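Enquirer: Fit chain X to the known structure of chain A by using the hints.
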Amino acid sequence: MVAQKTEYENSIVPKDKLFDLRLQEIWNYRDLLVLFVRRDFVAKYKQTILGPVWFFIQPIFQTAVMAIVFGGMARLSTDGVPPILFYLAGVTAWNYFSNCLRATSNTFTANANLFGKVYFPRAVTPLSIVISNLIQFGIGMVLFLLIYIFFVITGTALHPSITLLLLPLLIVVMGFMGLGLGMLVSAMTTRYRDLQYLVEFGVQLLMYATPVIIPLSAIPAKYKPIMLVNPMTGVIETFKYGFFGAGTFSWPLLSYSIGFTVIVFLIGLAIFNKTEKNFMDTV
Amino acid sequence: MKPIIRVENLSKQYRLGAIGTKTIREDVQRWWHRIQGKEDPYLKIGETNDRSSKGNSDYVWALRDINFEVMPGEVLGIIGKNGAGKSTLLKILSKVTGPTTGRIDFNGRIGSLLEVGTGFHPDLTGRENIFLNGAILGMTKREIRSKLDEIIDFSGCERYIDTPVKRYSSGMTVRLGFAVAAHLDPEILIVDEVLAVGDDEFQKKALGKMQEISKNEGRTVLFVSHNMISIKKLCNSGLFLENGNVLMRDSISKVVNTYEYKSASIGEIDLSLRSDRKGSGKIKVMSCNLLNRFNYKTTNIDCGEVFLLDLSVKSNLMETKSKNIEIAVNICHIGGDRIIQLSNRFLGQNIYLNSELTRIQFRIDKFPLNPGKYAIRIFIANSIEIFDWIDNVLILNVEDGDFFKSGFVENSSVFFVDHSINIINN
Numbered sequence: 248m249v250a251q252k253t254e255y256e257n258s259i260v261p262k263d264k265l266f267d268l269r270l271q272e273i274w275n276y277r278d279l280l281v282l283f284v285r286r287d288f289v290a291k292y293k294q295t296i297l298g299p300v301w302f303f304i305q306p307i308f309q310t311a312v313m314a315i316v317f318g319g320m321a322r323l324s325t326d327g328v329p330p331i332l333f334y335l336a337g338v339t340a341w342n343y344f345s346n347c348l349r350a351t352s353n354t355f356t357a358n359a360n361l362f363g364k365v366y367f368p369r370a371v372t373p374l375s376i377v378i379s380n381l382i383q384f385g386i387g388m389v390l391f392l393l394i395y396i397f398f399v400i401t402g403t404a405l406h407p408s409i410t411l412l413l414l415p416l417l418i419v420v421m422g423f424m425g426l427g428l429g430m431l432v433s434a435m436t437t438r439y440r441d442l443q444y445l446v447e448f449g450v451q452l453l454m455y456a457t458p459v460i461i462p463l464s465a466i467p468a469k470y471k472p473i474m475l476v477n478p479m480t481g482v483i484e485t486f487k488y489g490f491f492g493a494g495t496f497s498w499p500l501l502s503y504s505i506g507f508t509v510i511v512f513l514i515g516l517a518i519f520n521k522t523e524k525n526f527m528d529t530v
Numbered sequence: 004m005k006p007i008i009r010v011e012n013l014s015k016q017y018r019l020g021a022i023g024t025k026t027i028r029e030d031v032q033r034w035w036h037r038i039q040g041k042e043d044p045y046l047k048i049g050e051t052n053d054r055s056s057k058g059n060s061d062y063v064w065a066l067r068d069i070n071f072e073v074m075p076g077e078v079l080g081i082i083g084k085n086g087a088g089k090s091t092l093l094k095i096l097s098k099v100t101g102p103t104t105g106r107i108d109f110n111g112r113i114g115s116l117l118e119v120g121t122g123f124h125p126d127l128t129g130r131e132n133i134f135l136n137g138a139i140l141g142m143t144k145r146e147i148r149s150k151l152d153e154i155i156d157f158s159g160c161e162r163y164i165d166t167p168v169k170r171y172s173s174g175m176t177v178r179l180g181f182a183v184a185a186h187l188d189p190e191i192l193i194v195d196e197v198l199a200v201g202d203d204e205f206q207k208k209a210l211g212k213m214q215e216i217s218k219n220e221g222r223t224v225l226f227v228s229h230n231m232i233s234i235k236k237l238c239n240s241g242l243f244l245e246n247g248n249v250l251m252r253d254s255i256s257k258v259v260n261t262y263e264y265k266s267a268s269i270g271e272i273d274l275s276l277r278s279d280r281k282g283s284g285k286i287k288v289m290s291c292n293l294l295n296r297f298n299y300k301t302t303n304i305d306c307g308e309v310f311l312l313d314l315s316v317k318s319n320l321m322e323t324k325s326k327n328i329e330i331a332v333n334i335c336h337i338g339g340d341r342i343i344q345l346s347n348r349f350l351g352q353n354i355y356l357n358s359e360l361t362r363i364q365f366r367i368d369k370f371p372l373n374p375g376k377y378a379i380r381i382f383i384a385n386s387i388e389i390f391d392w393i394d395n396v397l398i399l400n401v402e403d404g405d406f407f408k409s410g411f412v413e414n415s416s417v418f419f420v421d422h423s424i425n426i427i428n429n
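Note that the protein sequences, when read in sequence, are chains A and X. Mapping of the first sequence onto this note's numbering: residues 248 to 530, in sequence order. Mapping of the second sequence onto this note's numbering: residues 4 to 429, in sequence order.
No lab work stands behind these hints, which were simulated from the structure alone. Treat the hints loosely; a few may be bogus.
Simulated restraints on C-beta separations [said to hold, decoys possible]:
id: 1; chain 1: X; residue 1: Met74; chain 2: A; residue 2: Pro415; range: 50 to 58 Å
id: 2; chain 1: A; residue 1: Arg440; chain 2: X; residue 2: Ser256; range: 45 to 53 Å
id: 3; chain 1: X; residue 1: Met74; chain 2: A; residue 2: Lys291; range: 43 to 51 Å
id: 4; chain 1: A; residue 1: Arg440; chain 2: X; residue 2: His229; range: 31 to 39 Å
id: 5; chain 1: A; residue 1: Pro415; chain 2: X; residue 2: Arg148; range: 29 to 37 Å
id: 6; chain 1: A; residue 1: Pro499; chain 2: X; residue 2: Thr143; range: 19 to 27 Å
Below, computed lysine-lysine pairings styled on BS3-like, alpha-carbon distance capped at 30 Å [as the list claims (entries may be wrong)]:
id: 7; chain 1: X; residue 1: Lys236; chain 2: X; residue 2: Lys257
id: 8; chain 1: X; residue 1: Lys98; chain 2: A; residue 2: Lys521
id: 9; chain 1: A; residue 1: Lys264; chain 2: X; residue 2: Lys236
id: 10; chain 1: X; residue 1: Lys98; chain 2: A; residue 2: Lys262
id: 11; chain 1: X; residue 1: Lys144; chain 2: A; residue 2: Lys521
id: 12; chain 1: X; residue 1: Lys235; chain 2: X; residue 2: Lys257
id: 13; chain 1: X; residue 1: Lys218; chain 2: X; residue 2: Lys98
id: 14; chain 1: A; residue 1: Lys524; chain 2: X; residue 2: Lys144
id: 15; chain 1: A; residue 1: Lys524; chain 2: X; residue 2: Lys98
id: 16; chain 1: A; residue 1: Lys262; chain 2: A; residue 2: Lys521
id: 17; chain 1: X; residue 1: Lys212; chain 2: X; residue 2: Lys236
id: 18; chain 1: A; residue 1: Lys262; chain 2: X; residue 2: Lys5
id: 19; chain 1: X; residue 1: Lys257; chain 2: X; residue 2: Lys369
id: 20; chain 1: A; residue 1: Lys264; chain 2: X; residue 2: Lys98
id: 21; chain 1: X; residue 1: Lys376; chain 2: X; residue 2: Lys257
Computed from a predicted model, the values in this text were never measured in an experiment. Just so you know, even glycine gets a beta-carbon here, dropped at the ideal spot from N, CA and C.
So here's chain A without its partners, still in its complex pose:
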């Protein structure tokens, strides 16, 4: 179809370009993004007594249970790192990814009411979720560092490596992988909800295919390929390697994670943008 020339600034047409990220439009709504982040953060712990302390409590309990079950009873390898630290590192990083994925994967269905009344680039909503989860992750990191320092002072030998400098990259990769997958899922669940249920328990199961509990080095060769296909494996292993100097670090593995993230994010955003136009009719 030949594009029609018009002397107008704006147009509303049935179909958009096949691949349009609309980053400029999202940038124009950056104030909304900030306000959404603030709203999510403030609203989450309003009218609770402990407030943001809840951000600490969840990973502490998760880690304690893992340390008892997998470290204490099952005696699984932790690459020579104290179990508490090992699990806390895994849980902190994994939770960021899984929270991003879970919260963004129902963007359209959860916000149908708002989206049905007013237009703004819908991608602002999942982006704001990723950023407010980043704050939560930051608080989790403070907890992790406190315990890390405690272990160092009490004389545990830990060997942070130079790959720790990759930490910002890892955080971006985790956030965008969750965001990309989440947008993909939310775009695909406006018509048929089936996928949403898959995500709900799928994320939990995926954790066992990620070296959160069992390090890559302790995985039997038979199951290793499953672990290596999972794009989160490279991220979590690198994260732990940076802090403890133990485990596996390989550029190919990490590059795979980064490449996967870039592709899934671009496809996710494009499909998400395409869906936002007519999802109100089917949601």
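Expert: Chain X in isolation, oriented as in the chain A frame:
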């Protein structure tokens, strides 16, 4: 001058029914056609959106090939029955949903007000919500900050501005929401019946603000409402939608007149086919005609002319029971109150009915109401039950006439009475 909005062949198709395993076949078919580069097979079918009649297709057209233009500074009232496509049109204009075919071109920013207080969070304070709501509507933080005092002032919620919105009364929430929206500065503003909320004082304030926006600031406004009074007050032109088509695009007074006439035009249906009559049906009006002075059927009458309504009535009751029956003719405002009642009870006159058709004529020698449209209602009852009750039996079209037979056509009064003036010199 160039139009600010141009709508070309705009259509919107909806699928009825639930989404489930059944729809996936159609989706796959659709997708298969698309990769082959063919046209969507489901666009060829579909019916006009008529709620009451049962259709054969799961697809309906909420809008079908709509074309119109809006000039800068125009205040366009969009009217039509429920389901005519008004809301769909506004939704497409405000980009909440996309069109199926066709296009809209426009200049500037479109601000839409399909609801007030969209996205308010109950746990945030009034002030925080002003920023949030403003940003959702497309304002930047700086814009909102520069208008913050004005907005708070307009809302009249100054005292509560740092209290969470969940402590607000519903009226206050609406005020605050409208205050934000009213200070949105788009070149094109779309408003959907938001004025129907809030108390009288607030409605006046809101209407005043809308007038200010359109008249003083010369902005283009598209306004949907069922309230003809506020539409007439606010708009200078109108768009009449029916079953997804543009029926009329003209000055607001003409469009409102047509709408009011159309909404009452049920009177043209044959009485025997009317399904909206009430009463037991033991006595029924079989026909009803307005006759002019030459005994021809008409719906037009001049002011001051003879009004002659000819009814045929049939009774299925035993003749002895057909006593004390009241037959009344009401002349009413369209969709509104009764103005005049004519009844045999008032005249102390008994009417006896039987199973044969009985013709009854109601007569006013000089019709007293001023020009306009009126609806006729007929009812037949006794002290125990209503036998028949029909609203809008026909719509009376009254035109200017020489009521006083003096050659003077008066139309500033609501109704006319014969009168005399005596001059007494002493």
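Enquirer: So, for every hint listed, does it hold in this structure?
Expert: Okay, the hints, checked on the actual structure:
1. X:Met74 x A:Pro415: 50 to 58 Å: holds, 54 Å
2. A:Arg440 x X:Ser256: 45 to 53 Å: Distance hint for Arg440 (chain A), Ser256 (chain X) holds at roughly 49 Å.
3. X:Met74 x A:Lys291: 43 to 51 Å: At roughly 48 Å between Cβ atoms, Lys291 (chain A) and Met74 (chain X) fall inside 43 to 51 Å, so the hint holds.
4. A:Arg440 x X:His229: 31 to 39 Å: The hint (31 to 39 Å, Cβ to Cβ) holds, given that Arg440 (chain A) and His229 (chain X) are roughly 35 Å apart.
5. A:Pro415 x X:Arg148: 29 to 37 Å: holds, 32 Å
6. A:Pro499 x X:Thr143: 19 to 27 Å: Because 45 Å falls outside the window, the suggested range is violated.
7. X:Lys236 x X:Lys257: holds, 14 Å
8. X:Lys98 x A:Lys521: The hint holds at about 13 Å.
9. A:Lys264 x X:Lys236: violated, 42 Å
10. X:Lys98 x A:Lys262: Since the Cα atoms of Lys98 (chain X) and Lys262 (chain A) sit roughly 13 Å apart, the hinted pair holds (cutoff 30 Å).
11. X:Lys144 x A:Lys521: Given that 30 Å is the threshold and the Cα spacing comes to 28 Å, the pair holds.
12. X:Lys235 x X:Lys257: holds, 10 Å
13. X:Lys218 x X:Lys98: holds, 26 Å
14. A:Lys524 x X:Lys144: holds, 26 Å
15. A:Lys524 x X:Lys98: Measuring from Cα to Cα gives roughly 7 Å; hence the hint holds.
16. A:Lys262 x A:Lys521: holds, 8 Å
17. X:Lys212 x X:Lys236: holds, 13 Å
18. A:Lys262 x X:Lys5: holds, 26 Å
19. X:Lys257 x X:Lys369: holds, 29 Å
20. A:Lys264 x X:Lys98: Satisfied, since the Cα-Cα distance of roughly 16 Å is no more than 30 Å.
21. X:Lys376 x X:Lys257: It holds: about 13 Å lies between the C-alpha atoms, which stays within 30 Å.
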